[in-house]
Amino acid sequence: MIRYILRRLLWVVFLLFAVSFITFVIFYLLPSADPAALRAGRQPNPALVASIRHQLGLDQPWYVQYGRYMKNLIFHFDFGFSYQNGVPVRQLIFSRLPASISLAAGAAFLWLVVGIGVGIIAAVRPRTKLDRASMGLALVGISAPVYWLGLVALYLFSSDIGLIPILPGANSYVPLSEDPFAWFTSLIMPWCVLAVSFAAFYSRLLRGNLTEVLNEDYIRTARAKGLSERRVVFRHGLRSAITPIVTIFGLDLGILLGGAILTETVFNIPGIGRLSYSSIVRSDLPVIQGTVLLGAFFIVFANLFVDIFYAFLDPRVRYE
Amino acid sequence: MSTGVPRLVEPSSGLTAADPLEFGAIAGRTPWQLFWRNFKKDKLALAGLVFIVLLVIAAIAAPLITKLIGASPPNLINTDALDSFGTPTGPSSEHLFGVDPLGRDVLSRTLYGARVSLEVALISTALATFIGVVLGLVAGFFRGWVDSGISRLMDVLLAFPALLLALGLAAACSLGDGCAVSTPLQAAGLATVIVGLLGAALSFARGRREMVGASLVVVGFGLFFLLIGSFFTIKIEPGAGVVIFVITLVSWTYIARIVRGQVLSLREKEFVEASRSLGASDARIVFKEILPNLIVPIIVYATLILPTNILLEAALSFLGAGVQPPNASWGAMIAEATSVFDTAWWYMLVPGLALLFTVLAFNVVGDGLSDALNPRQEGS
Amino acid sequence: MKSIRVCSAALLALMLSLTVVACGSSSSSDTSTKVGAVPAEQSLTGKTGGNLTVVASSDVDYIDPGAAYYQFTFMVTTATQRALYSFGPDDAVDAVPDLATKAADVSSDGKTVTVKIRSDVKFSPPVDRAATSADVKYAIERAFLPTVANGYAGAYFGDIIGVQEFQDGKATEISGIDTPDDTTIVFNLNRGTGGVVAGALALPISAPVPKEYAAKFDAKNPSTYGVNQVATGPYMIEADAKGALTGYEPGKKINLVRNPNWDRATDFRKAYLDTIKIEEGNDDTTVASRQILSGNGQVNGDFGPPPPVLKQIVNSTPDQLALTPSGGLRYVSLNTTLAPFNNLNVRKAVLAVFDREAMRATRGGPLLGPIANHFIPPAMGGFDEAGGLTGTGVDFLKYPKGNLALAKEYMKKGGFPSGMYTGSQQLLMVGTSGGAAQKSSEVAAAQLEKLGFKPKLRLVTQDSMYTKFCNVPKAKVVICPNVGWLKDFADPQTILDPTFNGKNIVDVNNSNWPQLNVASVNSAMDSAEVVVGADARNKAWAAIDRQITAQAPAVPWIWDDTANIRSTNVAGVINKFNSNWDLSFTSLK
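Chains as they are written, first to last, in this note's numbering: chain C, 2 to 321; chain L, 39 to 418; chain D, 124 to 712.
It is worth saying that the hints were derived from the structure and are not from the lab.
Don't take each hint at face value.
[What the hints assert, rightly or not] Simulated pairs of lysine-lysine, DSBU-like, Cα-Cα distance not exceeding 30 Å: (1) L:105 x D:573; (2) L:81 x C:130; (3) D:521 x D:536; (4) L:273 x D:599; (5) D:239 x D:662; (6) D:573 x D:521; (7) D:339 x C:72; (8) D:536 x D:599; (9) L:78 x C:130; (10) D:343 x C:72; (11) D:577 x L:273; (12) L:105 x D:577; (13) L:273 x D:597; (14) L:273 x D:579; (15) C:130 x L:79; (16) D:577 x D:536; (17) D:375 x D:393; (18) D:531 x D:577; (19) D:579 x L:105; (20) L:105 x D:524.
Values in this document were obtained by computation on a predicted structure and should not be read as measured data.
Chain C with its partners taken away, still in its complex shape (with noise of 0.2 Å):
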């Protein structure tokens, strides 16, 4: 098991490695805005542009800035400066990974609740009016783009500009440590916008899961046995029904903690998501690098928990 993990582990390195080099080379060779010049203002000489992109060190070659890179970022765990405005990087995605964490935490809480609840409920239930209602919302929930459900909402319960005014708009996050009930109040539509695809997906797979399991044959012993149809559906059938769920439910994580851009923009909340995307249309590499770079973080890593778990459970895993 240990040599499985460890195997795991360089692999996930390895990832992480290929991963920042591809977002320096797409980067590098397809530049946008010259940070130089961008520095440099108004009509500068030439001698003055030379000198700032020597100092930024973009008149190395592209290997050459890629190591600096990778050695700062391994021995000093420093990300480099924004060229936007030469802060930190690490400080900027630092400062802003606590919101993109709090709306994927709460996010994925509801839609797990939602979904698995809406799930078993459909599939014990098949082909009642239950049943198709809550599958036929499932079907909306998936369809509809999240970015224009967040706009909806606000339409709708924004407390400036809404039809029932009822809920804080967008721009009204604000960190936990300043304020938790507004915190908690900025973040319920949000939460809620996000949840929604997530939790019909997930209703819409355990439903299919769960309805193919309880046919199966030991269930039908189970309840031969006399077992109550409680125990027979969350002992035995949410068992088995459950795994590929894990499995996603991990993997959806891993991707929302690297920040969930559309719904960071619609809402104006301040994290990971909504800096990557500012700092690709600005070009500014450092940062982008930072962003991607824990964006992927997150996601190998989910993928290394859910393998585990998955050589865990089944130990035929650890020997591929």
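Since the structure of chain C is already known, use the hints to place chains L and D on it.
Same frame as chain C, now just chains L and D:
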């Protein structure tokens, strides 16, 4: 937003041309007729299909329809339709769905936007499917280092946050003249050739004859890319081209994974063994035995990622990395609406509903398809 | 001077929300019956105390006052730094002595500028001592250091003797700046541009910086003086005992507190507020504007209310709105070195056909400012002399809605007998994606199509638009629809010289987008640079404005007004020079 991971359905048990006796042999119906009969039973899927057909017709005939109902052309800027503050006016007799912040008619823009959404999603899904099938086949069939290599490649691609990668590439390629992929293609081709040759040499040395064949196939691919990159200057122009490119890039891995899994299990089945013992070559096995059994899951998964790709295109347009103005795109329209939606609600509502119904229709059809093609779930 | 980058800085941040930024609005200097007009003399009395929140969409460009160039950053620097000269709230044209004791003394040949400064202005903790002329000298020197890289130092102070040697590293100070005693500073120039230098001393570059404290920060790359700065104004950015800023979180906030060493008796500023909190990151300007209007103690920072909100304000609470000329203009530049725009008549045709009212509608309509008919904007010297609101009299700029017939006449004169463009090439047009800028570029493209041109519109990020396309002559961009210019200070040279002087065409960061290079215009500008005396300068540059307009290098379409908003309990005072709220005079009711 959808994670894009298709529903985990077990591989089809084989409603294929290879074994027609499984279904309806008594009534003498072909598998396709059976499939259609099953599909028809699902009223919802049928409705979805009708909607899609209508949508496609509307998209193709958009210029005609616009002219017929007398709406303004979609790209006609008309600042007189704005009020004195430059804000759009609402539904009126001239503009059935109102105007956008530049005075352009929302109805015609929505119609034309359908073209973009459909075109981009269909082409990118088709491309992603093709690439995914090819690579999944090669990986699953040949196994060995080829499989490892392709799987690792997929891992690296999947490690990127998808939307970020798409955004980054789209933003980078959307500047000025687009991105030239000839050189990267050449480089990738060269690298593949070298890796393939190395693999062939190593396999030969270790006596694994079957891997030599696989390695040569890899070399073949590498040469192909190298030649394409050398003789053609391929530039991905900003606009629809870029969007198709990035969406294809982030979605081929799903198909590839599924196909690989399918091929892995199929190659162990008896009929494959039987063919082999009869002396069939690799190519014959792939094309005659395995591929036909893949058609069903390929169709199912392609229809499952299609709605995701529609949403992805809209998301990219929403973030400003999609098709170039002045062409209309539903995502871009929603983005423009964010600043005026509290008063100009029609501008947010119409493209959003269009997106919703389109994606819904594809999802419903996809569901119906997979249900009809996998009729194992009794009692569900 | 600086390009319309200021308002566009907000646009840049608005890429996400893609809102329409009203970076300017209606009326010009005269009529006071227009909605939101700021009175000629504002009430400068107020209650002491309280906190003001400045709502901003993005950050200052540089927290270092020696590098700052955005109008929004100037809002902060005018409250924390005392430059040699500053602008009071009501006069956008004539600066008043701030650190200086009286107006600068420019020699008749323009080669020497002498300034006498006060001796009783102290630095904030931990420096704590009085500022001297040596501190002003160091402030200007450090602007030339590559670790600071001030964007306008070269343009206005580059004629000081010894600058070149200092920049090359051959000298450790600029020999042309003399400090005969603690209260006198003399600038020796190798050209007679003293009039311009005197005007440029009204920028934060001339605010004193203590060398013994700052040198160690300036030695780092990039300089870290910004996050360790000291202040001489009534306010300072919150800092710890060692001087390191605690009140600055990039992209998030800037907290201003009172400078304990500021002496009210030495300053024309009133400084009513106790604290000022600048909150950044409010990308959605629609939401942010609403918050200001319905909130308490808030004003806008670097954005204006988008047209829908503007509409709402005008219809319900117009007294919360203040519109002032921005001191700039927007135009669509035509590349005079590339066909077909190397032909003067073709350019005139384009100017004649442009529906400039449609362009203005993309910003919010007539409320946002008058249609521009030449290049010097209102509330600047030389504006009236160049024709004022009506323009210089050329027929191709007479029709704000465009005149297709006249345009076709010019096309015929330009060699297109049918009156329409018959060439086959697509003309590369690079605009900014998102927000009002994108809309303007789309409207501009539509105007060109009226004459048969085929513009290839590429929309890119604003930074790219400048640094990779429009500012780079080699990129061969034919039309740049999203450019404009803002004055640096009240001298008309700052509007016309960087933008239309042939000698200012450079390979990188070129601001002469049309690449206009007409010998008569260039030599007129050379002569006008060394004219001394405001009246004479205004006349000279107004004449140049007429010359430039006659060359039709660009389509001027709006002299925009900046729209500023405040909460109801804010007694806001506008600084007309900077077109935003004056933090040193604003108070709470």
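Worksheet item: CA of residue 273 of chain L to CA of residue 579 of chain D, is that 30 Å or under?
Response: holds (16 Å)
Discussion item. For residue 577 of chain D and residue 273 of chain L, compute the direct alpha-carbon distance and say whether it is at most 30 Å.
Written reply: holds (21 Å)
Worksheet item: residue 81 of chain L and residue 130 of chain C: Cα distance at most 30 Å?
Response: holds (16 Å)
Worksheet item: Are residue 105 of chain L and residue 577 of chain D close enough, with their CA atoms no more than 30 Å apart?
Response: Answer holds: residue 105 of chain L to residue 577 of chain D is near 24 Å, not above 30 Å.
Item to complete: Assess, step by step, whether the Cα of residue 375 of chain D is no farther than 30 Å from the Cα of residue 393 of chain D, and give holds or violated.
Response: holds (27 Å)
Discussion item. For residue 579 of chain D and residue 105 of chain L, compute the direct alpha-carbon distance and say whether it is at most 30 Å.
Written reply: The given pair, whose Cα atoms are some 26 Å apart, holds under the 30 Å limit.
Discussion item. Given the hinted pair residue 239 of chain D and residue 662 of chain D, is their Cα-Cα distance within 30 Å?
Written reply: Holds, at roughly 29 Å.
Worksheet item: Does the structure keep residue 78 of chain L and residue 130 of chain C at a Cα separation of 30 Å or less?
Response: holds (21 Å)
Worksheet item: Regarding the pair residue 105 of chain L and residue 524 of chain D, is the alpha-carbon distance no greater than 30 Å?
Response: Between residue 105 of chain L and residue 524 of chain D the Cα gap is close to 28 Å, so the pair holds against 30 Å.
Worksheet item: Taking only the CA atoms, is the gap from residue 531 of chain D to residue 577 of chain D under or equal to 30 Å?
Response: holds (16 Å)
Worksheet item: Has the given pair, residue 536 of chain D with residue 599 of chain D, been kept, meaning a C-alpha gap of at most 30 Å?
Response: Holds, at roughly 25 Å.
Item to complete: Assess, step by step, whether the Cα of residue 521 of chain D is no farther than 30 Å from the Cα of residue 536 of chain D, and give holds or violated.
Response: Holds. Residue 521 of chain D to residue 536 of chain D sits at ~19 Å (cutoff 30 Å).
Checked against the numbered hints above, the structure violates none of them.
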